[in-house]
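Model the full assembly from the supplied sequences, consistent with the hints where possible.
As numbered in the numbering used here, residues 1 to 80 make up the sequence shown, in order.
Note that these hints are calculated values from the structure, not bench results.
In this text, a Cβ means the ideal position worked out from N, Cα and C, and glycines have one as well.
Treat the hints with care, as some may be off.
[Unchecked claim] Pair ranges (Cβ atoms, derived):
(1) M1 with V39: 53 to 59 Å
(2) R58 with T34: 34 to 40 Å
(3) Y50 with K72: 28 to 34 Å
(4) K59 with V28: 39 to 45 Å
(5) T34 with A65: 44 to 50 Å
(6) D67 with I43: 55 to 61 Å
[Claimed, not checked] The calculated lysine-lysine pairs, modelled on BS3-like cross-linking and capped at a C-alpha distance of 27 Å, are:
(7) K72 with K60
(8) K71 with K59
(9) K60 with K71
(10) K59 with K72
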Amino acid sequence: MKTVIFLIIFLIPLQRVFAQSDDLVPDVSAADLTVLFSVSSAIVIGLVIYLLRDSILRKKTTYDAKDFASKKDQTPHPMR
Numbered sequence: 001m002k003t004v005i006f007l008i009i010f011l012i013p014l015q016r017v018f019a020q021s022d023d024l025v026p027d028v029s030a031a032d033l034t035v036l037f038s039v040s041s042a043i044v045i046g047l048v049i050y051l052l053r054d055s056i057l058r059k060k061t062t063y064d065a066k067d068f069a070s071k072k073d074q075t076p077h078p079m080r
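Structure representation (structure tokens):
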């Protein structure tokens with residue numbers, strides 16, 4: 001148990017932390033950034049349109065086409 005405490009107290013602070021060097025950061029030009037953000041925004045917009053396609057086109061579902069009792073307002077009115 002004492003050796004574990006010794007390792008925790010003395011060896012963990014001795015670990016070295018290396019900072020990132022500038023060699024790891026890729027050089028990206030402004031034109032590349034423009035293309036990158038344009039493509040990513042087009043993907044996001046396309047995904048949103050795909051997910052909302054039924055609402056945008058106001059497409060009726062099978063539930064909307066039939067007359068179910070659950071669609072009717074069955075809440076009691078306060079005057080009754």
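Consistency of the hints with the structure:
| no. | hint | verdict |
| --- | --- | --- |
| 1 | M1 with V39: 53 to 59 Å | holds (57 Å) |
| 2 | R58 with T34: 34 to 40 Å | holds (36 Å) |
| 3 | Y50 with K72: 28 to 34 Å | holds (32 Å) |
| 4 | K59 with V28: 39 to 45 Å | holds (42 Å) |
| 5 | T34 with A65: 44 to 50 Å | holds (46 Å) |
| 6 | D67 with I43: 55 to 61 Å | violated (40 Å) |
| 7 | K72 with K60 | holds (17 Å) |
| 8 | K71 with K59 | holds (17 Å) |
| 9 | K60 with K71 | holds (14 Å) |
| 10 | K59 with K72 | holds (20 Å) |
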